[in-house]
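Which chain is which? The protein sequence lines are A and B, in order.
518 is the number of the first residue of the first sequence in our numbering; add one for each residue after it.
17 is the number of the first residue of the second sequence in our numbering; add one for each residue after it.
Derived by calculation from the structure, the hints in this document are not laboratory data.
Mixed in with the good hints there might be a few duds.
When the alpha-carbon atoms are kept at most 20 angstroms apart in a straight line, the in silico EDC-like pairs for lysine to aspartate or glutamate are as follows [what the hints assert, rightly or not]:
| hint | chain 1 | residue 1 | chain 2 | residue 2 |
| --- | --- | --- | --- | --- |
| 1 | A | K523 | B | E208 |
| 2 | A | K523 | B | D242 |
| 3 | B | K63 | B | D242 |
| 4 | A | K523 | A | D829 |
| 5 | A | K750 | A | D739 |
| 6 | A | K750 | A | E738 |
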Amino acid sequence: MYYIAKRLAFYVLAAFVAITVNFFLPRLTPGDPASTIVATYSTSLNAESLAALKAAYGLTDEPLLQQYVTYLGNVLRGDFGRSLSNFPAPVMAVIGAGFGWSILLGLTSVLLSFVLGSVLGAIAAWRRGGWFDRLTPPVLLFLGSFPYFFLALLLFYVFCFKLGWFPMGNAYSSVNPPALNLQGIGDILMHLIAPAFTIVLVSLGPWTLNMRNAMIGVLSEDYLTLAEAKGLKPRRVLLSHAVRTALLPNITALGAAVGAVFSGQLLTEIVFTYPGLGYALMRAVSAVDYPLMQALFLIITLSVLAANFLVDTLYVLLDPRVRTGGEA
Amino acid sequence: MSLSETFGAKARRQLLGSIPVAVGLVILGALLAVSALAQVLAPYNAKRATGGINEPPSLAHLFGTTGQGQDVLSQFLYGGQNTLWVAFSIAVLTTLLALIVALTAAYFRGWVDDLLTLVTNVFLVIPGLPLVVVLAAFLPPGPLTMIMVLTITGWAFGARLFRSQALSLREREFIAAAEDVGESRWRIVAVELLPNMGSVVAAYFVNQVIFAITAQASLEFLGLGDGGQITWGSMLFWAQNSSALIRGAWWTFVVPGMAIALTAFSLALINNAVDEIGNPRLRADRLLRRAGVSKPSATLMTPVKRDA
């Protein structure tokens with residue numbers, strides 16, 4: 518429990534740092550973007566909206582420290598001000614619409630590549646030196662060398678545009694999200710396959726190679742010798758002794774992967790115009806909608822922190838050594 | 017694994033004798049060479065329209081033309097120059113920053129170490145690309161912003177890697193011996209620790225070039241780079257902007273995309289091989305194969321006899 522409390526304290530600190538960076542960034546950068554924007558919008562907005570906009574930035578005459586405290590209070594209450602590009606919609610409403618789609622795409626692809634990569638890596642290590650083992654690493658390295666968005670562009674071109682197998686963008690066919698019946702879910706899946714597949718394809722490499730290398734390390738450990746000496750069946754040795762131990766580094770990486778996929782996904786979402794947080798961030802950047810952009814950064818960061826904390830907790834359950842203290 | 021082992025004659029022979037490394041070096045060398053010679057090799061002015069719009073590859077324009085009628089081959093060459101120096105700068109800076117943080121932590125130990133580790137972990141856990149996007153959106157676009165932003169967000173993993181390496185080296189006998197002789201801590205860090213981290217630093221540096229080149233391309237693709245500069249990333253941005261794919265002008269995407277992918281792939285090949293030489297267990301199967309053992313398996317690694 519002490520370990521988990523310590524991790525929780527760390528994530529709270531990290532969240533605090535992210536929020537602080539978010540507050541000071543627009544105030545410290547040259548040109549003062551915040552006032553520039555207020556000036557830009559001052560002709561098109563009425564007095565009330567302008568006041569709301571200023572309040573969102575904390576652009577009051579209060580001292581900086583006072584503004585910072587107000588800002589912290591607002592963030593804690595989930596009040597990120599109003600979106601400029603979707604004025605007067607509150608930022609949180611815009612984000613809420615994209616959050617579910619990002620989670621769906623992110624979880625699907627990260628879990629798929631984690632499972633697939635670990636299985637491939639274990640097979641490669643078990644049949645070491647075979648054709649599969651010799652062919653897999655270079656192929657995966659090559660696929661992994663493509664920037665996410667580039668592979669996404671190519672697959673979009675081939676499968677959505679040229680062959681027309683999958684729909685060109687969005688997460689569903691109709692204007693509004695479909696009802697969750699068989700047809701609606703099928704529609705959502707059809708829109709999910711292409712973007713999820715690109716993410717899995719590019720991110721498969723590290724999972725496989727890490728699993729392979731961890732397995733090779735584990736295979737020569739003494740306790741495997743013991744397990745073999747006890748006369749356990751090879752399958753049993755492989756699954757419950759070797760794979761279980763070799764999987765640990767990959768499980769730690771799972772937390773980081775949620776973050777990495779949020780980032781990689783950001784670009785995939787843009788290519789496939791998938792209406793998640795990444796697509797929203799892109800639109801916020803091109804519309805110079807700073808409140809929305811900053812809130813998106815915070816929400817993505819907080820989600821990543823939460824995911825990492827969950828993985829840390831899970832890790833304690835899987836690796837008894839962590840429970841006795843020390844860093845993972 | 018020490019520096020002399022990493023870069024010694026034997027290791028060099030092993031490295032150069034490996035096919036993946038040879039392939040990697042040839043691809044990387046070719047890309048570096050043609051980019052360096054862009055001024056000589058480029059057939060056209062890369063920024064001016066020198067042909068029709070979206071012309072497919074032909075003898076006049078080997079890689080076709082862009083949606084603005086510029087020669088894609090010339091853009092590829094000049095773009096390589098602009099892309100690669102930024103990527104290598106970022107790799108050098110992040111590696112240096114990571115080394116400074118890790119070695120400072122190893123030198124001072126105690127609360128300095130705790131503090132630096134905490135800062136490193138916070139940087140590690142805050143997602144990179146969203147932070148980079150927000151940073152880049154607030155700063156004026158240009159190569160210096162690119163270098164600054166990606167250095168700030170890219171050093172943390174290296175610091176953690178180098179610190180753990182320094183910590184494990186610190187437990188070795190030769191460090192204890194140096195301490196007993198009365199060497200200063202500063203000298204131990206600079207003369208005993210640092211040279212022995214050669215292979216880890218080299219591998220990290222190579223990875224950082226890959227990181228820098230893809231992160232840079234991603235940002236530029238998002239329109240957060242300097243659109244007036246020709247880079248592989250901005251070529252992709254303009255291609256996307258003029259809906260080149262929908263118009264069938266695949267060459268405007270494939271050329272810069274393949275350039276980025278090939279650079280990253282060649283570096284990954286080299287890195288993987290260096291890894292294998294540094295890790296005897298990964299090397300074992302190759303040695304066994306050479307010794308005539310066709311299918312090494314777990315049983316060969318352990319002295320246990322097992323019935324089939």
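In rising order, the numbers of the hints this structure does not comply with: Hints 1, 2 not satisfied by this model.
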